[in-house]
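Given the structure of chain A, go ahead and fit chain B onto it with the hints provided.
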Amino acid sequence: MPFGLLKFGLSKTYPARRILPRQQDLKSRYDVVIIGAGGHGLATAYYLATRHGITNVAVLDKGYLAGGNTARNTAIIRANYLTPEGVAFYKESMDLWRGLSDEFDLNILYSTRGHLTLAHTDGAMRTARWRAEVNKHLGVDSELIYPDEIARLCPQLDLSKHVRYPILGALHHPPGATARHDAVAWGYAEGAARHGVEIHQHTEVTGINVSGGRVTGVETTRGTIECGQVLQAVAGASSLVAGMAGLKLPIKTIPLQACVSVPLKPFLDPIIVSGSLHVYIWQTSRGELVMGGATDPYPLYSTRSTLDFKEGLMAHILELFPFLSEVRLNRQWAGMADMTPDFSPVMGMTPIGGYYIDSGWGTWGFKATPVAGFRMAECISTNRQPDLLHPFRIGRFESFGQVGEKGAASVGH
Amino acid sequence: MKIMHCPLNGPRNIQEFVYGGEVRDMPADDASDTAWADYVFLENNAATVVREWWMHAASGFWFIAERDTRTDEILRTYAPDDAARTDAKTGDA
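Residue numbers (the numbering used here), protein chains in the order written: chain A, 1 to 413; chain B, 414 to 506.
Bound conformation, chain A alone (with noise of 0.2 Å):
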């Protein structure tokens, strides 16, 4: 059997499915290069080639494909957000989502499961009566329910009223889904490469060359490029590539830490998140709990895990599932979070000519890859802000125009 089964991996009849080509030697002049290929560098070179036709572009990673914070996400998809202006956006990240698999011919494996925020406090279940009325009046599918319909939702939670924070409510949004990201990122990633774009990793950018107020190329560890356009999609060091081009961001590096337990037999069908208790916890098709809570405490450059958190996040996981005391962890990690003042990110033109931005992805980038990548290209082959994108312009601090996203994941309420 094992032979015969190395005879089957080593026959020329049967050869493995590359792809992405070879690393070829970087050119020197590309039309746009995008620095970072997570999943928002990858899907904006996507849509750049297939719905813009501008194939002449090169994404260069430090790393390799989709290792940062693509890797590190905990993959929960919803729109359910507070203001009109982020409803909007994730609406359109949501609709474009269900379209991918079949855009790809890849099963990104979209599951959509039920998402539950659950309110303790009266200030929580106002919070969630507001999103649900500013959600149905965008078109997308959100209720207030109560304890009675959160049973029948999610009977293993412990709705007593015996508990430290009691559950007096939840914002019920159907549509909140889960993917693969990997699959996301390797969907755009050979897409984009079908039609001509280049991927070129372990590339790191070390300086980006300015003349007369625009880009005119940058400096890699593979040599100098020269490029009309850049575009930046490095969330957790976006503070460090923007600085290469003189740009000043309203962004700390924070780390947000997450982990999954040990397989267990499905019983958790939709994520279940506390904004009051600050945690997220759904199962995947593996049957590992994903869990993650609010950032870290202050800022940090490093994917390091602490015990403090695991232990704020378990005991308030515990209050939820009391039956999951026993439960082993299987990993802990963490990504370096972009965090902003108004928890919105910043997206779109930049004061420099022909250099654009994609950052400022907090705790909300992964939900947003799709319409990230699709609004960046608009921006980038129209060299203008598109509409979608208008709140998140990059100079909305200095005219004190901020977007006050309550509905973040890192919010307390």
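Quick caveat, the hints were computed from the structure, so don't treat them as lab data. A couple of the hints might just be wrong.
Far from chain A by the CB rule (all over 10 Å, computed), these chain B residues [unchecked claim]: (1) G423; (2) D443; (3) A450; (4) T482; (5) D494.
Partial list, computed: chain B residues near chain A (C-beta under 8 Å) [as the list claims (entries may be wrong)]: (6) N422; (7) Q428; (8) Y432; (9) Y452; (10) L455; (11) E456; (12) A460; (13) R483; (14) D485.
Ideal placement from N, C-alpha and C gives every residue a C-beta, glycine not left out.
Quick look at chain B alone, frame taken from chain A:
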């Protein structure tokens, strides 16, 4: 457990402390909106040793810490009036 050394209370669990942002000079009263927006919203967010405000929550004591934002190593903590004296002596801004 990560320990931070409070200049007033000695070594304590990091969870007793609150991060207060980078030490920066406040703009003058008549500074432009741009200067104030920069002070309020924009961040240097540097990956290096940074001077930061921290507070020991239990005693409400504010002090300055020098911390490496790549390794989370806390190099030095001191009371702000000590910093003012040091700055006057060395002439550092």
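Cross-check of the supplied hints:
no., hint, verdict
1, G423, "20 Å, holds"
2, D443, "18 Å, holds"
3, A450, "5 Å, violated"
4, T482, "5 Å, violated"
5, D494, "23 Å, holds"
6, N422, "18 Å, violated"
7, Q428, "6 Å, holds"
8, Y432, "4 Å, holds"
9, Y452, "11 Å, violated"
10, L455, "5 Å, holds"
11, E456, "5 Å, holds"
12, A460, "4 Å, holds"
13, R483, "5 Å, holds"
14, D485, "5 Å, holds"
When held up to the earlier numbered hints, the structure conflicts with 3, 4, 6, 9 and fits the remainder.
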